[in-house]
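Colleague: Chain by chain, the residues run as shown.
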Amino acid sequence: MRALRPTLMVCLLLSLGLGGCSVVRPWEREALARSDMAWEPDPLEASLDSHIRFSKEASLSGGTAGGGGCGCN
Amino acid sequence: MSRGNARAARRARQRRRRERRLQRRSGGSQALRALTTSALALPGLAERAAAAGAPVDYRADYRYARYSEDAISRSKVAVGGETERYEIDIHQFRLEAPIGQSFDLGLEVAHETMSGATPWYVTPDPNGGDDPIQVMTEATIDEARTDVLLSGNHYRDESVLNAGLGFSIENDYMAYNGSLGGERSFNEQNTTVSGGIGFSYDLIEPEDTNLFPERPDREDKQSYSLFAGVAQVLGRNTQVQTSLTYQHQRGFLSDPYKRAFVENSPIPDDRPDTRNQFAWLTQLRRHFRKIDGTLHVDYQFFFDDWEMRSHTIELAWYQTLFDRFRLVPSFRYYSQSQADFYAPFYVTARSDGHAASDYRLSPFGAISGGIKAETRFQTWSLLWDVNVSYQRYVSDADYALESVDVENPGLVSYDLISAGLTLHF
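Sequence lines, in order, name chains A and R. Residues in the first sequence are numbered from 1 upward in steps of one, following my numbering. Residues in the second sequence are numbered from 1001 upward in steps of one, following my numbering.
Be careful, since some hints might not be right.
Distance windows between CB atoms, simulated [stated by the list, open to error]: (1) R:SER1073 to A:TRP27: 21 to 29 Å; (2) R:LEU1295 to A:ARG25: 19 to 27 Å; (3) A:TRP27 to R:LEU1165: 14 to 22 Å; (4) R:PHE1103 to A:ARG25: 44 to 52 Å.
Part of the chain R face toward chain A, derived, beta carbon under 7 Å [said to hold, decoys possible]: (5) TYR1058; (6) ARG1066; (7) GLN1092; (8) LEU1095; (9) GLU1205; (10) ASN1237; (11) THR1245; (12) LEU1281; (13) GLN1283; (14) LYS1290; (15) SER1413.
Hints listed in this document are in silico derivations from the structure and should not be mistaken for laboratory results. It should be emphasised that the depicted structure is a prediction, and the values quoted were computed from it without experimental measurement. Don't be surprised by glycine CBs; every beta carbon is placed ideally from N, CA and C.
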């Protein structure tokens, strides 16, 4: 039970208003494994969009820890 | 069972076997591809809520994109100034390759060429109007940039370790970056935690220093990044991920090609030499089986110690049609406040000496919308994905969440078209 506590806390925090948390088994992951369920389904598109926004706006692009270069006109 | 019924049953069995074969070749491969898609991107957030296995297929991507910034309105530009802005062509190439049972390597190369005029500084309206005037660079600028990133993953039972090394070259700019990250799944792979660190060293050697002696000959900056995230499966059709990213920058953070109009004179752009930025990103993915569509919702809150705040919300709908076509309409809203030292122009100089009139540091909002069409086909044992997309981005002070007193005349809008090809082999 002690080991489950962090998991339950995470579920609670993440699932507020989203219908709760349940364990999904590997054979139930057909939809989760779809390409359109990926966080970034098209990596080149995501990389380009991120670079263009970096050159037009002042915000940091969250979720990664790398990258560099300017190309800021 | 009659002979006709037996034949029909046999045909049905053969059809089901054919479908299963196709599913294994296409759907199965698609599922695997989904598990590995962007696994070779920069070390970052978990690819999905459960740690992915090592890819078994090679994959090559090519993408061409062109974006054109709208010409700046004649009424916003100083008399005789250039109104045409940048046209940018970008070629991207990416290759990912499995190495043995538990490693993969990825190489991403981007090359972009830029041509056009760019905002230089802002002055009050010489005719006494309320709206400031943009002074553009005097000549069309031609530039090129090449960016190379090598990355790799090591897959273990419940975890993935990743690393990346890259560099970016322009005529006057050089950047080196590296990163290390990892993710670990637990709770029967329903929960994945991820984290990483990154470093970038940027060196700038501005051009035309003989014509503009105020430009420095050589400056540099360093960026240190740190992020941590957690992804959670919320059901058979839903997953969510949230992360915090921190970046510390130090060194030359000004723009050597820009000026600010201070006490009736244009002086070099001057910004603080440190910056601490935080981004909180949350992403939701939900698939709707009955209509074969998937909803993407992303929200990011950003703030930094230049007293900038921003909110970004992105929505996309992935609609699959006839199994092999997909239409993806998307929408994005962005709003930022201004940096504390920013002003369109300065009647009196600031006591700390900072001065910047760059539209990127100004308060504004931006709305963008796009549509993308994708299809997949197979020739022999090769699987091809082809896509085309269009995006329109418009920024305006009126779109900002908070009211803006004076709009920066340099705000940019653009059209982006692109076409991409992916080959799995």
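Colleague: Hint by hint, which ones does this structure get wrong, listed from lowest number up?
Modeller: 1, 3, 4, 5, 6, 8, 9, 14, 15
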